[in-house]
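**Q** Sequence:
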Amino acid sequence: MYQVAKGSMYGLSSNGKHSITVLTSIQGFIDQFAKTGEKKIDYVVVNAGILKYPNSNRDVCTTTKDHIDRLHNSTRTFDHFAQHLHTNTVGPIIVAQKLLQMADVAVGTIAFMSSDSGSTRRFLSFEDGFAAYSASKAALNQALRVGCLSRNTYQIPTNNPLQHMAEELKRKGSQTIILALHPGEVATDMANIDITWEIDGGQITAEESVRALVNVIQSKTIEHTGTFWTWQNEEYPW
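The opening residue of the sequence shown carries number 1 in our numbering; numbering runs sequentially from there.
Simulated from the structure, these hints should not be mistaken for laboratory data. Be aware that a few hints might be false.
[Claimed, not checked] Computed cross-link-like contacts, DSSO-like style, restricted to lysine-lysine with a CA-CA straight-line distance of at most 30 Å:
hint, residue 1, residue 2
1, Lys170, Lys52
2, Lys40, Lys170
3, Lys220, Lys40
4, Lys98, Lys172
5, Lys35, Lys172
6, Lys35, Lys170
What you are looking at is a predicted structure, and each value in this text was computed from that prediction instead of being measured.
With these hints in hand, go ahead and build the complete structure from the sequences.
**A** Structural data, given as C-alpha cells:
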C-alpha cells in the first residue's frame with residue numbers, strides 16, 4: 001500500500017490483479033502507478049506476509065512424539081520454505097527496489113512489515129513450528145540492513161561490499177526513510193492457529209495495530225532510517 005502526495009491510496013493487490021510473488025505482476029503494478037503521473041509517494045507500507053503453521057485446524061497441539069515427528073518431517077520442506085521466502089522476503093524487497101528505481105518519483109518512507117519472530121538478537125525459542133516464517137522475516141530484516149538497493153542499477157558495485165540499504169540511500173543523497181515494523185500479535189486470519197504457548201498480553205485488533213503503526217511511521221525522520229520498531233513505538237533489536 002502506498003500514499004501519494006495528494007492523499008490518494010493505492011495497493012498492490014487491491015484489485016486482485018497483482019501478486020507480490022510474480023515479477024511480471026510487480027512490474028505491472030509499477031507500470032500502473034507510472035500512468036498516474038504522480039511524482040511523489042509519501043508513504044509505502046509493504047505488508048506482504050504468510051505464516052504456514054505445521055498444525056491443521058483439526059490437529060491438537062501436543063508434545064507427543066507424533067506432534068514432534070510432524071514438525072520435523074512434514075513442514076520444513078523445500079516448497080514450504082520457498083513460499084515463505086518468496087512472499088515475506090523477496091517480493092517486498094523487489095517492490096521497494098522497483099519503486100526506488102523510478103528516477104522521477106520521490107519516495108518519502110518505505111515501511112516493511114516484519115515481526116519480532118525475525119529478530120536474531122532476541123530469539124523466541126518457544127515459537128515451535130515457526131522455522132520458515134521466522135527465517136523469512138530474519139532474511140527480510142537482514143536485507144534491509146545489508147541489501148544493495150539502488151535507484152539506477154540492479155548491479156552491485158564490484159569494488160564495494162554489500163552496503164546497508166538505508167545508508168546507501170543516504171550516501172546517494174536520498175531522503176527516503178527505511179523502516180522495519182513489528183505490528184504486534186494481531187488477530188487476523190494468519191494468526192488464527194492453535195499454538196502451544198500463551199501470547200504475552202494477548203492479541204490486538206488489526207485496527208489497533210494500524211492506528212499505532214501510522215503514528216510510529218509518521219514520527220520517524222531520516223535520522224531513524226534503517227531501524228526496527230514495534231507498534232508501541234519502541235525500538236526493537238535486529
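**Q** I'd like to know which numbered hints this structure contradicts. Please list them from smallest to largest.
**A** Those not satisfied come down to hint 1.
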